[in-house]
Amino acid sequence: MDGWTTCRDLKNMGKNRLLKNRGGKGVLLSAAPQCRFPDEWDGGAISTGLFDFVWVQFYNNQPCQVSAGRGAFLDAWKRWESVPAGKIFLGLPASKHAAGTGFVPAGELSSRVLPLIRGSPKYGGVMLWSKYYDDRTGYSDAIKSHLGTLDQAMASRAVTPFLLMTTVLVALLATCHAGGIAVYWGQNDGEASLSDTCACGNYKFVILAFVYKFGKGQTPQLDLASHCDPSSGGCTGLSDDIRSCQSSGIKVLLSIGGGDGSYGLSSEGDARDVAAYLWNNYLGGTSSSRPLGDAVLDGIDFDIELGGAKYWDSLARDLKNMGKNQGGKGVLLSAAPQCPFPDEWDGGAINTGLFDFVWVQFYNNPPCQVNAGRGAFMDAWKQWESVPAGKIFLGLPASKDAAGTGFVPAGELNSNVLPLIRGSPKYGGVMLWSKYYDDRAGYSDAIKNHSMTPPYLGEPLMRGSTRELSSPAGTNPVPAASLEAGRPRKIFPAGTDSHCFHASMNAPRPAFTWHGGTKNTDRRQAQLTLTTSAYR
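First residue of the sequence shown? That's 1 in the UniProt record's numbering, and the numbers climb one at a time after it.
Be a bit skeptical, because a hint or two may be false.
As the list claims (entries may be wrong) - Quick list of simulated restraints, FRET-style, between CB atoms:
(1) A309 - Q218: 40 to 46 Å
(2) L306 - E412: 45 to 51 Å
(3) K78 - L420: 35 to 41 Å
(4) K382 - T405: 19 to 25 Å
(5) E412 - P105: 51 to 57 Å
(6) A309 - S287: 27 to 33 Å
(7) P409 - K324: 41 to 47 Å
(8) G71 - A309: 23 to 29 Å
(9) N449 - S111: 38 to 44 Å
As the list claims (entries may be wrong) - Result set (DSS-like, lysine-lysine): computed pairs, CA atoms no more than 25 Å apart in a straight line:
(10) K131 - K87
(11) K216 - K144
(12) K448 - K382
(13) K131 - K96
(14) K400 - K122
(15) K310 - K324
(16) K324 - K87
Note that these hints are calculated values from the structure, not bench results. Positions of the beta carbon are idealized from the N, C-alpha and C atoms, including for glycine.
Work the whole structure out from these sequences, hints included.
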């Protein structure tokens, strides 16, 4: 049997079941290749881009395991980071007796190895072979508090009543479920401040818009409307806001391009120059004139809508390489293409496989937006699912006034649209244009509990959730309209910092529960999930 075809068949079966049977959750795929790259057996299957998790066996393979030296190990890790898969795990034996070679003492792993890799957007955690050996050494107990990134504190542990043959330790931030909301900020007078935008709790990503002038020898220029004047150094005060957002687990990216501006790239050298400017002035580099001060942004968003289609792929490669080669936390890349596929400007860059997030603009494009009909919309969505990128977001206007066409009422989005797409492993959430319009419409309030996917094993479920997976058999999800009934109308005069006022702000915090367990956890805590590869 052709293994690659089998992978596609499994994924397609999961997708078809999801569409046919309300509450189906699709099929997760994982692989456990040897650390030598590419893997002799799994390599072709992994290259399909269908795998959610890849736990690489950095043991019994002396040339690439940790004991081979930092250089050899990191070379192998970076190669595995390049595969078109969801998350990459460091596979290790749980004791000296669990493998012939490759055991790493817990202290060395925690203090010397994990700090080298856990800042990568592709890093998922540690895979252990196996539960038997872990029971005897307590290896997972020794490393669990070191698995996450520096801003993640580990919390409770949920053990499923299955026969454990492989233990996977996953550092998951509970506020970052599979699915969330990204919002553009900075282009309108009267929208909430950046700190208030992040403090409201509705967003997982905030994209600062735009650097509208760059390339072809031009001095790059940032425009944040009336929020601040970068030409006079007036935007450096945003550093504290940016750090506040990041401390809450929110990724802050800078968007380059936009629908109006003067930008483009004339050569690969021009792309390198632009990448160096962005790195030194907004990311992990140094410059005497950083427009946003000393805060280090998480990444760059490509909102390319003019200026030609060439050399954006070079810019993406240069930015990623700078993040890898010059230290720091790496560089997240996102793109905001139009929904007609492939995108005229961003398409080549996205095909590099370097993009972590793609928020597709399903608005101002009548042939492929939601109101074009289920068939046309789903055809476009499936085409975008095929790109070699991390997560795909449904880009929408936050109100009727935010775009010429493509607005979807919140109730329709929650009940008719999101159930069609959020079961996909590529689904990332919803992107909104923009914070200004969301302040006035309260759109993110109305959709935030519906934008998340059915959770993976061990992920907390909100009690009373209207998500289809948690609806009892034979019942319907609670209509979105009933959830919004009685919510006071929001009126935000121009110039008012609305920052996501909630009608239920003083209500009790919602409870969470575990699959197969009784532990509750606060939504703001991180979780340690034990997942199995075999069960009864």
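> At the C-beta level, are N449 and S111 separated by a distance inside 38 to 44 Å?
Replying inline: Cβ of N449 to Cβ of S111: about 40 Å, so the range 38 to 44 Å holds.
> Between K131 and K87, does the CA-CA distance stay at or below 25 Å?
Replying inline: holds (21 Å)
> Is K400 close enough to K122, meaning Cα to Cα at most 25 Å?
Replying inline: violated (36 Å)
> Is it true that the C-beta distance of A309 to S287 lies inside 27 to 33 Å, as the hint says?
Replying inline: Given range 27 to 33 Å: holds, Cβ gap about 29 Å.
> CA of K448 to CA of K382, is that 25 Å or under?
Replying inline: Distance of about 23 Å is within 25 Å: holds.
>> I want to verify a distance hint. Is the separation of the beta carbons of G71 and A309 within 23 to 29 Å?
In response: At roughly 37 Å between Cβ atoms, A309 and G71 fall outside 23 to 29 Å, so the hint is violated.
> Does the hinted range 40 to 46 Å hold for A309 and Q218 at CB?
Replying inline: violated (19 Å)
>> Given the hint of 41 to 47 Å, is the C-beta distance from P409 to K324 inside that range or not?
In response: holds (43 Å)
> Straight-line Cα separation of K310 and K324 no greater than 25 Å?
Replying inline: holds (24 Å)
>> Please verify whether K216 and K144 have alpha carbons no more than 25 Å apart.
In response: It is violated: about 49 Å lies between the C-alpha atoms, which goes past 25 Å.
> Does 19 to 25 Å hold as the CB distance between K382 and T405, or does it fail?
Replying inline: Holds, since K382 and T405 (Cβ atoms, about 21 Å apart) stay within the stated range.
> Regarding the pair K131 and K96, is the alpha-carbon distance no greater than 25 Å?
Replying inline: Judged against 25 Å, a Cα distance of about 14 Å means the pair holds.
The structure shown violates the earlier hints numbered 1, 2, 8, 11, 14.
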